[in-house]
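Novice: Position chain A relative to chain B; hints supplied.
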Amino acid sequence: MKIKISIESSIVTKPILAEAIVETGALLNISQAHFDNTHGEVVADIPSEQFGHIRDSLVKKGAEVVVLDTPISRDEEECVECGACVSVCPVGVFSLADDWSLEVDPDKCIQCGTCLTMCPHNALVLGQ
Amino acid sequence: MVKKTIHEINGRIRDGSVNVVTAEEMVDIVGELGAEGAAKEVDVVTTGTFGAMCSSGVWLNFGHSEPPIRINKLWLNDVEAYSGVAAVDAYIGATQASRSKGLEYGGAHVIEDLIRGRSIDVHGTSSGTDCYPRKVIDTTINIYDLNQAIMLNPRNSYQKYNAATNSTNHTLNTYMGTLLPNHGNVTYSGAGVLSPMHNDPNYETIGTGTRIFLGGTQGYIVGEGTQHSPESGFGTLMLKGDLKEMSSEYIRAASFEGYGTSLYVGMGIPIPVLNEDIAKATAITDDDIVTNLLDYGIPSSNRPSIRSVTYGELRSGSIDVNGKEVTTSSLSSFKKSRQIANELKDWIKAGEFFVSMPVERLPRDTACNSMKLSSVNPLVGDIMTSDVSIIQAEASFNDAAKTIMDKQFSHLPVVDKNNSLVGIVTAWDISKAVAKAEYDLVKDIMTKDVVTTSPDEAIDIAAFKLDSNSVSALPVIDAKKQVVGIITSDDISKLLARRQ
Numbered sequence: 002m003k004i005k006i007s008i009e010s011s012i013v014t015k016p017i018l019a020e021a022i023v024e025t026g027a028l029l030n031i032s033q034a035h036f037d038n039t040h041g042e043v044v045a046d047i048p049s050e051q052f053g054h055i056r057d058s059l060v061k062k063g064a065e066v067v068v069l070d071t072p073i074s075r076d077e078e079e080c081v082e083c084g085a086c087v088s089v090c091p092v093g094v095f096s097l098a099d100d101w102s103l104e105v106d107p108d109k110c111i112q113c114g115t116c117l118t119m120c121p122h123n124a125l126v127l128g129q
Numbered sequence: 002m003v004k005k006t007i008h009e010i011n012g013r014i015r016d017g018s019v020n021v022v023t024a025e026e027m028v029d030i031v032g033e034l035g036a037e038g039a040a041k042e043v044d045v046v047t048t049g050t051f052g053a054m055c056s057s058g059v060w061l062n063f064g065h066s067e068p069p070i071r072i073n074k075l076w077l078n079d080v081e082a083y084s085g086v087a088a089v090d091a092y093i094g095a096t097q098a099s100r101s102k103g104l105e106y107g108g109a110h111v112i113e114d115l116i117r118g119r120s121i122d123v124h125g126t127s128s129g130t131d132c133y134p135r136k137v138i139d140t141t142i143n144i145y146d147l148n149q150a151i152m153l154n155p156r157n158s159y160q161k162y163n164a165a166t167n168s169t170n171h172t173l174n175t176y177m178g179t180l181l182p183n184h185g186n187v188t189y190s191g192a193g194v195l196s197p198m199h200n201d202p203n204y205e206t207i208g209t210g211t212r213i214f215l216g217g218t219q220g221y222i223v224g225e226g227t228q229h230s231p232e233s234g235f236g237t238l239m240l241k242g243d244l245k246e247m248s249s250e251y252i253r254a255a256s257f258e259g260y261g262t263s264l265y266v267g268m269g270i271p272i273p274v275l276n277e278d279i280a281k282a283t284a285i286t287d288d289d290i291v292t293n294l295l296d297y298g299i300p301s302s303n304r305p306s307i308r309s310v311t312y313g314e315l316r317s318g319s320i321d322v323n324g325k326e327v328t329t330s331s332l333s334s335f336k337k338s339r340q341i342a343n344e345l346k347d348w349i350k351a352g353e354f355f356v357s358m359p360v361e362r363l364p365r366d367t368a369c370n371s372m373k374l375s376s377v378n379p380l381v382g383d384i385m386t387s388d389v390s391i392i393q394a395e396a397s398f399n400d401a402a403k404t405i406m407d408k409q410f411s412h413l414p415v416v417d418k419n420n421s422l423v424g425i426v427t428a429w430d431i432s433k434a435v436a437k438a439e440y441d442l443v444k445d446i447m448t449k450d451v452v453t454t455s456p457d458e459a460i461d462i463a464a465f466k467l468d469s470n471s472v473s474a475l476p477v478i479d480a481k482k483q484v485v486g487i488i489t490s491d492d493i494s495k496l497l498a499r500r501q
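The listed protein sequences correspond, in order, to chains B and A. Reminder that position 56 of the first sequence reads as 57 in my numbering, one-by-one numbering, no gaps. Reminder that position 84 of the second sequence reads as 85 in my numbering, one-by-one numbering, no gaps.
Keep in mind the hints are simulated off the structure, nothing from the lab. Fair warning: this is a prediction, and the values are worked out from it, not measured in the lab. Among the hints, erroneous ones may be present.
To be verified - Stretch by stretch, here's where chain B covers chain A in the computed footprint (C-beta under 8 Å, at least three residues):
no., region
1, 256-263
2, 333-343
Claimed, not checked - A few chain A residues facing chain B, derived, Cβ under 8 Å:
no., residue
3, L181
4, P182
5, N186
6, V187
7, K350
All residues carry an ideal CB built from backbone N, CA and C; glycine is no exception.
Isolated chain A, as found in the complex:
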C-alpha cells in the first residue's frame, strides 16, 4: 500500500525530483504499471478545463473619491455592477448585459477589458448622506487604478454537463449555442479525461483552501459551488483568484446569440497522488464519464433525457440520436484545457507551485433542489378556449372565410383527414388572398409552420412563444397532434388583468 504526504510531495517539488503528469498521460501510466505502481511513480496529476462559466464575476474596490460617495447604483462601460456593499465596493457579474449594447457586450467583456488593461468608464449614483455627501461619480479607470480586483466565481468547474439537442422544427439559440431543428446537431461542454473534479470524485484532495490554476495565475477553491450536487455527479466549485495577475489567454468574454454574455474561464487543479486509490481515480477516461443528452426543445427546467452518452462518444465527432448520426460540437476548448494541464505541470516541475490539502472537505451528499413556488402557475389547459372551430385542409377558401365570420374568431386551425393539425388560417390570410384575387383551397393559403402549445404547458411559456414568434394565437394540441383548444394573447392579457 503506497502512502505519501503533501509534505513529501512538496519536498520533491522543492528539490526538483517531483514527477508530474497530466490526467491524460496518467491513463496509460496506470494501464501499464497498475494503480500501485503508478502511485509510487507519479506524485502529482494535473487537470484543466476551459469553457463557458456563466456564474463568474469580480469584486472591485475603487478607493474613496473626494468628496466621498457611497455608491448605490453603478455601471461599468454601461454594464450594471452590484454595489449594495459599503461605499466603493462592487461586484461585476459575467452575464449582466450592457444597457446600450445589449447582448453583445456584458460583464464578461468588462472583465476581459480589465485584464487587458483597457480603460473602463465608471458611472455611479447615490442618494447622498451626511458622511458620504456626493451624489454622482463619473470617472475612467483601468485595472491598475483599483485597490482590489478579486475574481470570485460562485459556480465553476462543473464536474460534467448535460449535452444538448433540439427536437423542434425551428432553430433555438441557447447558452449551449445554436441548436439546429430536428436534432440537427448536438453540443456539449467539459474536458472529459482532463475534467478536474472527475479525477478526484471523492473530493479527497479538492476542497476549501486547495491551491489551483485560475485564469493563468494561482487561485484557490473557496468551497462547494452553488448548485453543488455531488450525488448526481454534478459537483461544482466556488473559486477565487487575483484578476490583476490573470491573462486574457485564459479568461475570455463570449456572447451567445439570443442568450447573452458569458465568461470562458480557464482553470486546473493539481491532484497529489497520496495513495493508489487516488492514482486509480486519476486514470478515468472519456469513455468512463457518462452524461445525458437533453432536449432543449422542451422549455422546462425538467428537460427529458433522450439518451445517456459518454464523453468518448461526444468527442468522436458524431453520435446516434434516434437512429440518425448527428454531428457534435464542443463549446469548451479541449486544446486550451490541455494547455492549462501542461502549464500547471510546468509550474510544479519548476518549483513555482506547491500542492495543498484542503482545510475543509466538500460536502458529498447535497442535492440541487428546484425553486419553491408559493403560487401555482396556471397552465395553458386552465385558460384556453376548448370550443375551437377547425377546418379541413381540403376545404375551400370560402368555407374558411364563412367560419371565421360565423364564429367571430380570427384564427382557424387547419387539420388533415385524420384531424391532425397541419396549418393555421387567419383573417389576415383571407384578406391577403382576396387582395391578390387568389381564391384557392385552405391548404394553399394557410400558414404551414404553426407554433403550437399543449394543455400542460405553463402560461409563461405560451406567452414567450406568442411574443418571440410575433403571433397572436397558438393552437393547443395533444400528443397525437389533435387540436384540443386555442390560446390567444387576449386570454393571457385577461389572466394578467385578473391577477393585478
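Looking at chain B on its own, in the form it has when it is part of the complex:
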C-alpha cells in the first residue's frame, strides 16, 4: 500500500524514517520525496500488514501519515483523450491504448497532483 509521510521543518533534520524502519523492520520503499523550506513530504510503499506499526512509530516521532487510497479519477465527459497527462506523471498512471483511448491505472497513483494542472480540460480529480 501507498502512504504519504509529512514532516514539519522543525524535525526534518532528524532521521525519523531510518529510526522507524529499524524499529519496525518494515520494508519501506520511497517512491517520491519532496522537501522545501516549509515541510517535507515522502510517498512510500509499505507492506499492508505492517501499516499499523510503521504509522505508530512515525507519528510518535512527530510525522503525519496519510494512506493514499483515493487515487486520481477521470471525468469521462470532460476528457477528450488527448494524452497531455501521459508525460507529466512521474509513475506512469496514464497511457494511450492501441486505439488511442486513454488508459488510467489508478493503482500506481501517488497523488502528487501534477496531472491536475496539466489537464487542459479539468477532467482529472484527486481525493474523491
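Specialist: Here is chain A on its own, set in the frame of chain B:
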C-alpha cells in the same frame, strides 16, 4: 492517367456508389494498389484533427433592444467581446479571459456554454447617441435568442506544429502544457497521418469555398489563415461555420495552467481524389511529416530547434533528447481526429455531404514575418551593472556580510573555484543567519536555485523573470556561467522613468 471531376464524384455520392476512406486507411490502399490503382478505386479521402486552436472565435448578433443601444463595450459572462462593429454585433475570442474568474474561464468557455444552450449574462455600455439613446444594457440570453452565431476562426488547422520541451531547471507553464525541467517531457500537437493540409500539400482541393467538417456540422474554408506560411510547411486556414449547428462533442473549451484559455476545435477536410497525384499525396504517413523540437526555456519568439523529429517518433511515446529517452504527450486528441475523419466519411457515404472545388486557391508562397519594431529594445547588457562584487562559496559568512556593507550592494553572486555561478547571498540571507545564530560558510546560507539572465537578453524578459520569481536582482552570466554583471529591479525602474 486517372482523371475525375468533382461532378462525377458528387454523382457517385448522390447514387450511393461513392468509395470513401480515411487518410489513415488510404496509406495501405496506395501501398497495395499504387497511386494509379488507388486513384481509380477511391473517390474521397477524409481527414480530421481535434486540438487547441487559440485563434478562434464567434460573431454574434443580438438584435436591437428597445430603446436601442449602440454597444461600445461588451461583456459576456464577464468576458470582454469586441463590439466596435455597428450597434449589436460582437466578436467573442477564445483566449479573452474573464474579468472575475481570470485564466480559468474565458471566451472559449462562453462559446462552449452557448453551444450547450446555457444562459449567458450580457452587459454592454455605450456613450449614447441621438439614434441610439440607451447607455447600458443588462440581459440574459442563450444561443437560440441570437440572430446569428457564426464561428469565424482566423487561424485554424495548422499544417503541423513545433513540438516543445524545456531546458531550464524549473517547470514552465505554456500553451504547450506543463513542460518539466531539464527536458523532463516533450509535448506536441497535430493529427499527423490525418492532418488535413498535409494530405493536400499543394492545396489543389483545399481553398476558398471548400466545404468541410467544422465542430460537428458543415462549414467552409474562407481562405488562407493568418500567419499562413506554406513555404516552411506551416500553412493555416481561416474557417467559418454555424455555431448553432455545432456540438460540444467537437468544440471544447480548455484552460492551460499559467497561460489561459483556448478552444479545442474539431475539423476535417474531404479530399476528392481527382487524379493519381492527389492519391499519392493522401498516402502520407506520420513518418513523412517532420517538425522541430523547440526549447521553450528560451523566452524568445526565435526559439532554437533542438532536433528535427517526425510525427511517427512523437507518437511512439518517447523520443531521444540529447541522449536521454523522454516521454511525449499529445495535446491534440488522435482518437477524436479519427472519429471526425470517420464521421465525415459516413456523411459522404450517406449522401449528406458533397465535395467541392475551391473558388480560389490558397497562396503557396507567402511567409510569416516578425513584428516590425520601430524602437530598439534595450538589452540587459545595456543597463546592467558590470562592476559587480562576487564571493567564493567557501568564504565565511562574515566575509559576505563585510562585502555587502562595503559595497553597499544587497545582492552578492556566489561562485565556485572556477568562478562559475553557484548561488546568491542577499542581505536578507545574512539577517536570517544572524537571527538563527547560524554563522556558517557562504555556501550554507546562500540560495542555490538562482534565477539568471544574460547580456543579450531583452530587458522585458529580465523584468518578467524578476516579477514571476519575486526576486529583486538577477546575476548576469555568460555562456560559461561566469558572472559578468547584475541587474536589479531598480535599474529597470530607472530605465522606465527615463523613457516616460
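Novice: Of the numbered hints stated earlier in the document, which are not met by this structure?
Specialist: Of the numbered hints given earlier, those the structure breaks are 4 and 7, listed in rising order.
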